[in-house]
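Here the protein sequences come in this chain order: D and R. Residues are numbered in my numbering as their position in the first sequence, beginning at 1, plus a constant of 408. Residues are numbered in my numbering as their position in the second sequence, beginning at 1, plus a constant of 5.
One or more of the hints may lead you astray.
Output of the computed footprint for chain D on chain R, the stretches with three or more beta carbons under 8 Å from beta carbons of chain D [as the list claims (entries may be wrong)]: (1) 178–187; (2) 192–206; (3) 225–237; (4) 307–315; (5) 562–575.
Please keep in mind that the hints were generated in silico from the structure rather than gathered at the bench. Just so you know, even glycine gets a beta-carbon here, dropped at the ideal spot from N, CA and C.
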Amino acid sequence: MIALTLLTLIQQGAPKLEGFPGLAAGRAPKVEIAWNRLYDTAELYAHFDRLVAQWPELFSMQVIGHSVESRDMRVYTLHNPKSGAEADKPAMWVDGNVHGNEVQGGEAVLYLAWYLLENYGSNPRATELVDGSLFYLLPSQNPDGRAHWFEQAHNAHSSRTGVQPVDDDKDGLFDEDPPDDLDGDGQIVMMRKYVPGQGDFRLNADDPRVMERVPANDKGIKGDWIYVGQEGLDNDGDGQVNEDEVGGYDMNRAWPSMWFTEFVQGGAGPYPLYWPETRSIARFILAHPNLAAVQSFHNNGGMILRGPGAEAYGEYPRADVAVYDELGKDGEKMLPFYKYMIIWRDLYSVFGGFVTWTYEGLGILSFTNELWNDDSQDPEKRIEPKERYFFDDKLLLGAGLVPWHPYTHPLYGEVEIGGFKKDVGRVPPSFLEEEMLHRNALFCIRHAEALPRIAIQEPVVTDLGGGVRAIDVIVANERAIPTRSAVAREKKIGTPDVLALEGKDLEVLAGGFRGDRFRPEEIELQEHEPARLLREAGLGSRAELRVRWIVRGTGSATIRYTAEKARDATRAFELR
Amino acid sequence: MPILPLHWAFCVVVAMQDASPPPAPPPALELLDHAHLSSALKALADAHKDVAQLVKLGSSRGGRSIDALRLAGAGAAQDKGRPAILLVANLDGARVYSSAVALQHARELAGRYASDDKVKALLDRTTLYIVPRANPDAAEARFGTPRFEQRASGPGVDDDRDGRAGEDPSTDVNADGVIAWLRVKDADGEWMDDPADARALIKAERAKGERGVYVLWPEGRDADKDEKVAEDAALDARVDRNFPDGWEQHAKDAGVFPTDEPETRALCDFVLAHPELALVVVYDAQDSLVGEVKSVGDDAPFVKRIPPEGVLESDAKLLGELGKRYKKVTESAVKAEGNDKGTFTRWCYAERGLLTLAATLWDIPLEEKKKDEKKEDAEGGPKGEEKPVEQAAESEKSPQADKQPEEQGAGDKKGDTKKDKDKKDDEPKPSDDAKRLKWIDAAGASEAWRFLPWTPFQHPELGAVEIGGLAPYARLEPPASESGLIAQKHLDWFLTLGELVPRIQIAECTREKLGEGVWRVKAVVENDAYLPLLSRSAQRTATTRPARVHLDLPSAGTRLGGNVQELLEDLPGSGGRKEYNWLVQGPDAMEIAVTVETPHAGTVTKQAQQKKATEKK
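All chains, please: the whole structure from these sequences, using the hints.
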């Protein structure tokens, strides 16, 4: 089908390109989406549905479950059904937004779908991906958290959780003391109090909007200000403020590999896949053994992350690390200011993370990208608070900031409320969003282009005399991702690959994988069913496999390579 | 009369000491299939509406209902926060006998509530949830033909890695109604006759100059013609390997992910939904009462951020004492320590902080009990010398346990007690199976079913083989003469649990006038039961809500000092106390009280009494 599409293009002669080529002077896209905005759950799903309406033959939606608040868990499937069944194509999973506040992952997933669809039929590589492989796209792992973050008062860091009530402070009441939007502006910002000569903060001399800590000194110099926490009240009268928010767990600590309970890993919940969102995703992924690539989008910090999430796991097998490294290093070039990192070593320990489950549990090479790096991980490039105010002042005309304003608090008395808004810090300002989405979506495409592809070369038949023939054939994986990752081989995940010789008039006397290019007799003979050779190790990264069968008989024969994570390959030939 | 094993005889002696006319041993328990067990539970709930209700936990993968019987008397003294005890049996599908014992408990408790003070005390103080059969799908194999020990009830994997799953399960090839063992004479074999008893097999040790003569398989065909017999079962995942704590990812019996088995998840959800649970009892394949519990220090450092495995020392001490009491009442010496990874017992303790008393009710005894040994056992003496790990591998072995046959006889050397070592080295030491055969022989004709003599058979793929060995359920179901007695003794023990669970009291509650309108309020919270308010594990897991201690002050009163509420976690049993003080302001006439609320140890309020002696006027 790939060949067919390309052939069609060539036959048309100097083709009049249809669709969106991805260059600035190119044709207008068929579906215009503003890439300088972020969309709440309903709006985001609506954009996906526009793509379904435009390309119904390539793009479809299914609901795989529901969130705690009964929002759809939606998976969009992108592929060309005419080029083969879903189960026979190597698949890539892309999702975003497991943390409700880390919203732009949803837009990144949308951008990936849009970009491939707009370029299908005009760009050969996009066409090949849509014809030859398959994408399962989940815009949001946490549609409730996303909806709450958009629709309710929050800050950049809140609404990370899902919304199932949890008794965070162990008083028998659930979610009874969240932060409160005291001034009703839709933002949860900071509260500060003027305490002349008794504080630990002072106002910056050049820019009084900036609070700075008074440097330690022996002269008794104090500041005039203290922070008194996030905007909020002691709603339940227990003497604590904001100590029992909505939810209070982490759906990226809920997955079965290296899962540990709350006292080891905060947010893990009572057992793996406890929340309906996580369980529906796990069930979907488990039902699709053709998945051979996973990308999950978070924010922020500019990172391309891979496992292990925990030091105790040990390092991943070397063969898999080599593929990770190849993709990760390309990623660093495609995503300037992003770093390719190991989760536990370079960031922090994560037990029960999503991408560590898909790799350690299911043997799928998996990345998490932390989109947007306002706070660069590189200390040299760390943005100082003052620069943030400068940026807000000069490039956003102050739109990102709630100016300090007075409020009479029942516990703290006269305070001031102010600080950066929820869409400052962890998401880019609108004018920088499209670049972020494009680069990350194209990193997915880089990953998808590495999905395994098997080719069977022309078999060589040697007459050994007495009616006995040898059939030698080379089977190759042309791509970087193995048909079976090293971890899959070691842990016996999934099904071994099978290389079969079929022919109705053939008697297969022996068969096996050859260990040596020059000595055909060096065969690792498979004792049982030599016509159906088992390959636990699969076909490695750009690996070749030499096979020899000894047969009696003639006629039509077919060699077939079957792998869960690659399209089956066949080669028919005649034995004369 | 068949010759009884010694420890059975001893039980009778003890029983006879209690009452002068020797009571007839209680009748053997009837083993019920799912339909009969369900109707028995329903009939029980219907017959005792005052104390019993049927509660559905969920459904098995095969659609069978998993039921609990809830038993609670009228006692309302501490109804808010009334503690509950959960009894779960038959997680291991083959341990159908344990479900009969749990049902016997339920019947006796419901039936004797009105007439028996001990039963009334238990049911008035606690709520009981009894789940006789946590794994109804696998248990059903006990009642089918052919009979075999089914432990798995969940998805199968490709055990032999040939790209096909479940294509070569065990089968009853000789059509005798049971699935046993199959041995083939083979130069590649690893097994040989036990010189002590040729009916038993031991693994040949080359270092001793021994050479194997048999290959041993579970009874079955070689359906996929790969020269391996019954090596790829249709089902692999087991309910009691599928709990989250210590779950063994990629182990074939562990399941796809923790709680993927519906039975497992139903039990987890039940525990989560019942914060009133104060104690868990498990009658199954685990043991935390007889053998030594593996323990770690309360503050043992985490290794690479992971806590070391084991029961925390403070809790292990409690289990040690409870084990001593258990052994005294039940006279059980059945150990089954071993692989507790992914089990309900381990999850309840390690992740929910619930002290979990696990008992394996019966096994064929390996040794004839001597009286002094028995005493040593009850004291928890130096028997720790034995190797629990070997014992564990041993306890699992049966054709249907999905263990590779190599594990058979893994405990061969366990019989090496000090006395054996003193014997001449050339005297053959019987393997564990040989010891079991000795017991079976001594038990007489009624127990002869437990061993199937090796019988020649012409196998469709392998040719001449022999089929025989220990019969399914041989090591899981006690003889009829013991069946009812074990249940009775365990019920006697179970009746003692009610007074153990934590119980909050306000031992003192006083108000002292410090000056006009200013009062010091003092309350002492006490736990007068045996178990602590929260186990050490529960304090760590923070899963059981701590006690909430607060002052009840009328609107005329103002709190001048002390917190509006205190959360109390660490309150030991056996009289553990904690004092709280508040400073309040208000008129002399105002009433002041202190309330302590818990989900699982009662809720109490006490008025503060004026403390006159120290009044300062």
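These are the hints, each one checked on the structure:
1. 178–187: Check failed, 0 qualifying residues.
2. 192–206: With 0 residues close enough to chain D, the hint is violated.
3. 225–237: It holds: at least three residues are needed, and the region 225–237 of chain R offers 3 whose Cβ sits within less than 8 Å of chain D.
4. 307–315: With 6 residues close enough to chain D, the hint holds.
5. 562–575: holds (count 4)
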